[in-house]
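Participant: Each chain, written out:
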Amino acid sequence: MRSSAFFILSMLVLAAAPFIADNYVVRLCTFLCMYAALALSWNFIGGYAGYPSFATAGFFGLGAYAGALTQNLGFWLPLPWLFATVVVALFAAGLGFAILRMKGHYFAIGSISIVEILRLLASSWAQLTGGGDGLNVRILPGGPDYAGRVFLYSMMAVMIAAFITMLCVDRSRLGFGLRCIKQNEDAADMIGIDVTSYKTAAFTLSAMYCGTIGAIYASWVAYIDPSDAFSILLTLKVPVMTLLGGPGTVYGPILGAWVFVLLEEMIWAKFLEYNRAILGAVIVLLIFALPGGLLRMQWRRKWPSSVFGLPGLNRLKESR
Amino acid sequence: MQTTLQIAANGLMLGALYACIAVGFSLVWGVLNVINMLHGSFIVLGGYMAFFAWRDLGVHPLVSLAVIAGLLFLLGWGLQYGIINRVVMQPVLTTLTLTFGLDMIVYNFMTLAFTATPRRIVLDLGNIEFLGVVMPVDRIVAMVLALALTGLLFAVLRSSKLGRAIVAVRMDRDAAALMGIRVDRIYAITFGIGALMAGACGSLLAVVYPVTSSMTGLFLGKAFVVCVIGGLGSVPGALIGGLSLGFIESAAGHWLGPQDAMTIGFVLMILLLMTKPTGLLGKQGYE
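Just so you know, the sequences run in chain order A and B. Residue numbering for the first sequence follows our numbering, starting at 1237 and increasing by one per position. Residue numbering for the second sequence follows our numbering, starting at 50 and increasing by one per position.
Calculated directly from the structure, the hints in this document are not laboratory data. We put the CB at the ideal spot given by N, CA and C, even for glycine. No false leads were mixed into what you were given.
Calculated cross-link-like contacts (lysine-lysine; reagent style DSSO-like; alpha-carbon spacing at most 27 Å):
hint, chain 1, residue 1, chain 2, residue 2
1, A, K1339, A, K1418
2, A, K1418, B, K325
3, A, K1339, B, K325
DEER-style ranges, computed between Cβ atoms:
hint, chain 1, residue 1, chain 2, residue 2, range
4, B, R169, A, L1469, 24 to 30 Å
5, A, E1509, B, T53, 45 to 51 Å
6, B, A165, A, A1397, 36 to 42 Å
Covered by chain B, per the in silico footprint, the following chain A stretches (three or more residues, Cβ under 8 Å):
hint, region
7, 1331-1341
8, 1344-1354
9, 1474-1488
10, 1507-1518
Start from the sequences and build out the full structure, keeping to the hints where you can.
Facilitator: Spelled out as structure tokens, the structure:
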């Protein structure tokens, strides 16, 4: 109850941002919505089904290119975004049948490779995508203030849509089935859960909104290139955000994404040279100090012993 | 005919280096069950160290190779013993994310210390022509050394006491622990060996190609592909996988262009993952 009140309040604050703050804050809020939507999407496959998917940037980039290309053909604005959503959803559904048969490490490698293959294709198919030179997207007419609002509210709409989908999934058969799959896939199969369709559904849901966000992002920044759209950093940041907030929870991804983006903006964006190292250190600390995410943190207990204990075989046994 | 021979020769050279790139990665994956995202950075770090030892200190890369390998072993050993061992039993999401985080730290400091300029050691040993196939001597040296290192690792795993312990842990961790093997130490040593192979391979690569820190992802990708093609966690697997990828890329690079050659490698990997995830050799044990 308290968390839903907090959620609604923060949505109102975000919605009010263009009226009370300058363009920098509006931009930051747009990023908050964007990353929250991506983290929510990842939660379907990574948080509920427990599959370590690192394909987020692949879907994001595919959506960005699909949206940008249709927008450059001259379609009226929300259409390219919808088109990108459909393209990415279909792509993920097809791909899901292929790669969801892998488990664990193989799935992780397979999903990273999807990003890599799409990036290579985008850079080598130069007639369509502009190759390494990138692709310019038509700028939304109406001036920066208007465009800022349009993109903030669009990103926010996607985030809320992803959130509502997540609530529905969380309370439905699908969510229950996915949790079963996370705990023990063979057992879930045995008790009659259609594992393949459930996993494919989760994978498609995790891709769909990434595609929309990618397309909106492309229209927003008005220029995309393969290394930006299919960034391996993005593919890792998004799971880290979800892990930070609490994977498999409804509010966790949003909280994680916001904390992450705000930390990045306020702290380590100021240390340009050490930016990557600080992000790395945050990841390492997160793994050790917050294994269940912020939402599952036990506030009473002090630091988990795994952070400062001595390494050794006992530790290996204990953490199993 | 001559073109075919040249392609085969290039493929062999490339393949030997790929095998060397992948063998440490494959060992770590097979024994520790950890996807080591640091591997690419280890390779580039080895290459940079060899370059600066050669340019600033005048040390021949073949001499510095041993020192670099030792230093990277220590780095890998320390990272595993101090950090990764604490979560090594957890699911792949945790270990992969952790090694990626560590990779970002290593990458950042490596780029700050050495800058991202492409560096290459120019030895100028001339060319050898045989049956109309032209091969630069420095490449041949690198190829032979890469194969020798891979063979050495195979011999160590096969016949030394340490190697047998590593193989035992790979086969059954719990049984190995019951037989008195300190699993955490074997893990640390194995990770160290993985880093050692990466560093040695990096200094060989610096003799052949310009090495720069933005290539870490490229090397890591090669390691993925080779591992999946050849099968996980075995030296012959990495060798077969590396040579296959070398020939495929050499041929595809000739007829389709270098960019598509890489795409083909990845597509082949995905197809293999879907149909035969154990790889071409497909054995479970580490022999």
